[in-house]
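Chemist: The chain contents come next:
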Amino acid sequence: MGEGPATIGIIANPVSARDIRRVVANASNLQIADRVNIVLRVLTAVHSLGVNRVLMMPDRGGIRAMLSRHLGRERNLHHQFPAVEFLDMEPISTVDDTFQAARLLQASGVAAIVVLGGDGTHRAVVRELMNGDTGIPIAGLSTGTNNAFPEMRESTLTGMAVALHATGMIAPEYALAPNKLIEVSINEGQRHDIALVDAVISHERHIGARALWKTESLHSLYLTFADPEAIGLSAIGGMLQPVGRRDPGGLAVHLADDGASAGVLLRAPIAPGMLRDVPIAHWEPMPAGQAFTVPLQGGVVALDGEREMPFDAGDRVRVTLRENAFSTVDVARCLHTAAHMGLLRHPSQPHRRHPSWQATRSP
Amino acid sequence: MAGNPFPLSKAELLKAYRTMRTIREFEERLHVDFGRGDIPGFVHLYAGEEAAAAGIMIHLGDGDRIASTHRGHGHCIAKGVDVGEMMLEIYGKKGGSCNGKGGSMHIADLSKGMMGANGILGAGAPLVCGAALAAKYRKKGEVAISFVGDGASNQGTFLESLNLAAVWNLPAIFVVENNGYAESTSRDYGVAVDSYVDRAAGFGLPGITVDGTDFFAVYEAAGEIIRRAREGGGPSLLECKMVRFHGHFEGDAQTYRGPGELDDIRANHDCLKKFAAQVTAAGVISADELAPIDREALAVVEDAVARAKAAPLPTVADLTTDVYVSY
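So the protein sequences, as listed, match chains C and E.
Just so we're aligned, residue 1173 is where the first sequence starts under this note's numbering, counting upward by one.
Just so we're aligned, residue 400 is where the second sequence starts under this note's numbering, counting upward by one.
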């Protein structure tokens, strides 16, 4: 990014972690007040490291309203915050808000986008960014149900890493990491979408309440990475054959119709608080660029945990893994680099010392 | 096209569509008749919100109870209250659901488990705690559902009821119909924490937010919540994000709406259009099968209006009937 004023974007989904898994699986609900607190901590952190302007997605789910009240209070208290501007868009409380915000942030040339949400929210942001091909990186914060893609991390630290990248204190080759994704195409691109973690094929054929948690309906899973520490359907792959986020290739898992015909019966945490026995027929590596044709005649493709693409018998569904598809801010690497290079050490300047510092450390 | 992809049979899908279409015709007709001055009192129309009533009530039987709001016609129709008796009631005529003495905001039919629309905001929630307590003692797996708007969810009665239902583990369900406006006040200005699921969490209850304009989203979420309550899993909250086609009340100039907002919601967020598009695209029901339902719903409403207009008003002698109930 070089020198000069640094601007970042924030997309905070007010309705992630609100779906049916609260009732069927005791999944947690991150309250609006906590989401606002997370945003406030990001704002403080990025401002402390030189980001003076932040563009935010407006919403009608309570975050804008509460954040605005908080920022007013913080100003009264003379606390330091960057200028926060809400994007010029009329939110309609659907995923289209996320798409539009990502589009506007991309057009405004922000250095990075901090995303608050679960796998689904991150998928929506990346999907829109892929259309623009500007390579803007995202930094994810987990506020969803399944958070396989975004990291569980204190938002202050994520904010610091984003600022280190946005201000150019750490060069992109150190600050950013490449990510894989899965492309789903129905009838040679007639319908097209992506998944960041899992594209799951289910026998269910309607969208309904979106979340997918009935294992008896599962047909197959296509995974960008399979982490034994992850929650959600990708955990099935994680428990079978782990594949790292940065490893080449992905994993395809084919389920059996029932336990009797299964080669393996695997117990996996398919949703928060929900371990299920999943009958596995077989699994195989998913090399990048190789299209896998889904043999099921009629069903639905769930992308990162949500039913999105119903298809009928005769529809041709293909899934393909892509490597180096988009960038994320590598928070751990940024912070380690900052420590290693001493980026956050300031030269000792007597006239800028705090009086108490002078009193105790004077020669 | 092979088979039916929906979790409902074709007959159930047609029933759901008929319920929603009947509500729509009923409300659009009241919009016209009230504007002409034919109807006494006040009406608050449910048009635009039909998927919530239909998607929830399709899971219920007559033994399950609901308490409605000032915007209650849709809940009544979906719960099975007779449309003719409702129209008589709204016209203030003898033979109405409450013999013409209640009007729009006081339609009740206990034989259908409909405990009443309610002119007092937030008043349904405590009633539902009572009904749910009764259901818990009866042990027949019945549930009680309270409807409340985003505005009335600020009432103490609502919050107290969440607490009571939680500590008594009642088969009570709290549905927040969030149409974005408390009368004319956007929720941005009237609700400190604009998430009703967060309010439930404050009392340790699970909550779900769904697109209330998508019948199938409501249907699936409501099904899980109701099953949980029937089986002893206790109370839950369901927030349905929805749109209302008309003002808070009939005659409301709606100057608080954004430019083009009403055109947009009718064009892009009409639950009936969405439902029809989904079932026809899946090839389960054809447009030719929906059209007769549209005509029949219209005919039912026209017949109800004709009979309501012709019916007699209550007399002075009726003033002293239905005042006390013998137990």
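If you are wondering where the hints come from, they were derived from the structure by calculation, not from laboratory data.
By construction, the Cβ of each residue, glycine as well, lies at the ideal position given by its N, Cα and C atoms.
Be aware that one or more of the hints could be misleading.
[As the list claims (entries may be wrong)] If you want a taste of the chain E side facing chain C, the calculated C-beta under 10 Å gives, among others:
| no. | residue |
| --- | --- |
| 1 | Asp461 |
| 2 | Val590 |
| 3 | Ala600 |
| 4 | Glu623 |
| 5 | Arg629 |
| 6 | Gly631 |
| 7 | Glu660 |
| 8 | Leu661 |
| 9 | Ile692 |
Chemist: None of the hints should be skipped; say for each whether it holds.
Modeler: Checked hints:
1. Asp461: Status violated, d = 25 Å.
2. Val590: holds, 7 Å
3. Ala600: Holds, about 5 Å.
4. Glu623: Holds, because the Cβ-Cβ distance from Glu623/E to chain C comes to roughly 5 Å (cut-off 10 Å).
5. Arg629: Where the cut-off is 10 Å and the nearest Cβ of chain C is about 13 Å from Arg629/E, the hint is violated.
6. Gly631: violated, 14 Å
7. Glu660: Result: holds, 9 Å to nearest chain C Cβ.
8. Leu661: Hint violated; Leu661/E Cβ to chain C Cβ min 14 Å, cut 10 Å.
9. Ile692: violated, 21 Å
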